[in-house]
Amino acid sequence: MSELTRAEIQSDLQEIFRRIFNNEDLVLSDSTTSAEIPGWDSLQQIKIILACEKKLNIRLRARDINALENMGEMIDHLIAAVNKASRK
Amino acid sequence: MLFTDPVFIFAFLPISLVLFHLARRYRSGKFAIWFLLVASAFFYGYWSVKYLALLLSQILINYLFAQQLGRSQSKRLLWLAIGVNLLLLGYFKYRNFFLENLSILTGWQFHLAALFVPLGISFHTFQQITYLTDVADGEEDVPPLPQYILFVMFFPQLIAGPIVLHREMGRQLASLAENRLLHGNSFGPGFTVFCFGLFKKVCLADNLANFVDTTFQWPLHLQFLEAWFAAVGYALQLYFDFSGYSDMAVGLGLMFGFLLPFNFNTPFAATSMTEYWKRWHITMTRFFTMYCYSPMALAAHRVVDQRNITGVRMFALCIAAPTVITFLASGLWHGAGWTFIVFGLVNGVGLLINHAWREAKMPRLPGVVAWFLTMITILVTLVYFRSESLAQAHAILKSMFLPGQIALPLWADGIASRVGLPVTFFEVFQAANFTAHYVCLLLLFAPLAILLPNPAMQPNIVRPSVTTALVMAPMLWLTLGWLGEPRTFLYFQF
Amino acid sequence: MSEWSRFFLIRLPLAVFTVGLVVQGTAALLAGVTLHRHNVDDLANAVMHDGHRYSVVLLGDSVTHNVAHEYRIGDVDEVADLTTHAFAGLPSSLFLLKRYLESGHRPQHVVLAASRGVYVDPMYKPMFNYYVGSVFKLPFEREFLRTHYSGYMNYGWRPAALSMTTNLGEPLLSLIRRPGNDIWRAPETPSLNPTLEGFPNDVSTYDQEAVNNRVKAPAVVRPEVKAILREFCELSHRYGFSLHIIWPPIEPHLQAAWKLTGKMQSITEQLAEIFKSNQTAVSIDDVVDQQEYPNFDRDLIHIRGRGWEQRYANQLTAYIHEFKKGKQQMAFAN
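Protein chains in written order, with this note's numbering: chain A, 1 to 88; chain B, 1001 to 1494; chain C, 2001 to 2334.
None of these hints come from the bench; they were simulated from the model.
None of the values given here were measured: they were computed from a predicted structure.
Beta carbons: idealized from backbone N, C-alpha and C, even for Gly.
Hints may be right or wrong, so weigh each one.
[Unchecked claim] Residues from chain B that keep clear of chain C, each with C-beta distances beyond 12 Å, as calculated:
1. S1057
2. F1187
3. L1476
[Claimed, not checked] Computed list of lysine to aspartate or glutamate pairs in EDC-like fashion (alpha-carbon distance at most 20 Å, straight line):
4. K1278/B - E24/A
5. K1361/B - E69/A
6. K1361/B - E24/A
7. K1030/B - E36/A
8. K1278/B - E36/A
9. K1075/B - D64/A
Go ahead and model the full structure; you've got the sequences and the hints to work with.
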């Protein structure tokens, strides 16, 4: 699997968020936090993780995602997970 | 020693602050770490030297586990380590509850020795479990032993949280070892936040306690109005008590140059159960979300996804089961009793209804209605939390929701006849004076609970202005005036 | 100097000092306000201003107060109801009587109808300042409390800002409530033959902890109470009134338990000895000698039922009238 660019992962993540939160106008930036997204809770977070796993063909650990502060950190984490998966 | 003891405020705190900063200036960061360790040990040992020894032993055992986990990252070893910690917690906190219920089930008789729960055991056990898991995940390194001990024993967060993740403290401690404080210029905001927390505890929570405790002395004999006053009064008391304590913890941390996580974000402004638990005891919610709910929910979602399960079965597996199990566990964490378990259960059911409403894409309720329903649910849970038995809780809830009659006290017969209500004997509201005081307190404190910000959330926005001084001055006078009467923190018994 | 240094060295101390000064000044302005937070405040003021010539003063705790507050004791304008409750205790009874006498009133009889607990139990500290210390501040009262109730409150000077609710809040609220300058007069005349409620006497509904505490309570008259009773005797000599002790109704099970241990008799004997040593003839009567009261509240202290309350009111009236006839022991006619 080729290494995805940061922009591609950000775009994928945004698409996932828009679908899960049913909000086509949602725009994510590196500094966006969970507090800024109405309806975000631990259940939606699980759906996001599952969607990321399917889209990016990776396996994530829930508590790693729980501990992230903002979208920037989440994107970094996804990139690391994708890279780790592609090295296997 | 408690944060509200005059001995702590006027002796321990100033002395340890001065000596800590002197240690940093004239010796080294490592020496300062040792000093903080000794001070924290003194703080804990002031209550019981025996349990200080227990705490240190638990910390050392966990450190040895962490070293092994750092080398092997073995899941089996992690489960063993978690098991040992939970067993310790179970022995000290839950053994009598376990034996009592076993006795009911089996008819066997057990000798129940008096239970003495080591201070803060629920908090520092969970804190260490998070650390061991992080080490097993490869997320955290094993620091030098003094730093690890201080991570657990740092006295601002030792007795009643916040439950700190190692990633939040590890860098700060490592920096201190190099004699750099990452939040070294925060004494001013720290002091302000500490005073604010102290005010909430001493002036707000403890004043309410006088009335609330009286009401809960008569759980089987409360009239409709008394029951509602008990529930609302207790909710406010618990909030000011615990959020005040948490503010003090953050403030103290900052005074020593450490940033600790905050625990409250005006929870009584929440308009849903989900939102409430994102605002109340945030670090505990974080723990149960990270280490209990999320792993279960993610595993369930994966199974459901693979097997294409939908509808009610999907809801039951992915949402209901993880939510209820997590809240039962968190209820039990609060106390060894059926009232705490039911407290957790009612919270879990409340959250389920919240989730079901959203999953079914039902229309959003108006804010006031949503807030009202949320608060009613919270009040019900807190009646269980405060009551000494399920029977008492049910008696109070019956008075609240199925009162039979709504009456006024005998002394209010003038008002009663005008509004067309009967009068009857009130156990607690026997005197107009007492009732008037209670009413005034609730009317004054309820808006404060919703409107007062939590400075611990953003301590560095506190400015050293004239306004801050004028707000703090009356708070300091009021706090000093009421400081003489010691009361324990409600979360003290955890 | 950094901003925070300036804050801690200048702004905050100045703000604290300013607020303290403002509160002190406001408290001084409000110091002249007559407090009307509760009935003890009301009485402390009324006894000095009420112009009625009552021939009898009735003192006592809430067992008697709950009845006297509703039902008139004695004839119209005969009995001044200066009853309070246990949180105000015997100090309030003494000080109210003394104020009443020093305001020119000359009752012929003073009846003290307080439960035995008031003589043998310590007072409740958290409420002491509210019902006693902040009410009674005349020189004799202050000195007496400082001498005999030294552990109950702080008698030294404290900045007003340390007690803002007491120094500001309570006077301000007292301005709203205006009960007048007369001693409270009960609104109802007790019926001579009230219907006596037939509540079942179910001890299992009582608060068991209260039962045990009451039974185990010591029966030694406290030293500060002895000092109060000495003052009563002194007042009796100075102002020429007769002093009478009446034991209010007591719950039958508690009475039985106390009789078994000799407490009932012991307390009466201790009081008799105190009065004898102060050379004061005092009658001591017990209402339950004439009438058993079967129905009490869960705390075993207050009688329950309007019929029973009226019966007690009638008993007090009968006793008072017998005292006036010069009889120390009397029979209660049904």
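Is it true that the CA of K1030/B sits at most 20 Å from the CA of E36/A?
Roughly 40 Å separates the two Cα atoms, so the pair is violated.
Does the claim that F1187/B lies outside the interface with chain C hold up, using a Cβ gap greater than 12 Å?
With a cut-off of 12 Å, F1187/B comes too close to chain C, as the shortest Cβ separation is near 7 Å.
Between the alpha carbons of K1278/B and E36/A, is the straight-line distance 20 Å or under?
13 Å, holds
So if I understand the rule, the pair passes when the alpha-carbon distance is 20 Å or less; does K1361/B with E69/A pass?
Since the Cα atoms of K1361/B and E69/A sit roughly 28 Å apart, the hinted pair is violated (cutoff 20 Å).
Under the criterion that the straight-line Cα-Cα distance not exceed 20 Å, is the pair K1278/B, E24/A satisfied?
Distance ~25 Å between K1278/B and E24/A Cα, so the pair is violated.
Hey, K1361/B versus E24/A, does the alpha-carbon distance stay inside 20 Å?
17 Å, holds
Non-interface label on L1476/B, tested against every C-beta of chain C at 12 Å:
6 Å, violated
Is the hinted pair K1075/B and D64/A satisfied, with a Cα-Cα distance of at most 20 Å?
16 Å, holds
Determine whether the non-interface label on S1057/B survives the test: each CB of chain C must be over 12 Å from its CB.
Correct as stated: the minimum Cβ-Cβ distance to chain C is 39 Å, above 12 Å.
When the structure is compared with the earlier hints, violations turn up for hints 2, 3, 4, 5 and 7 and for no others.
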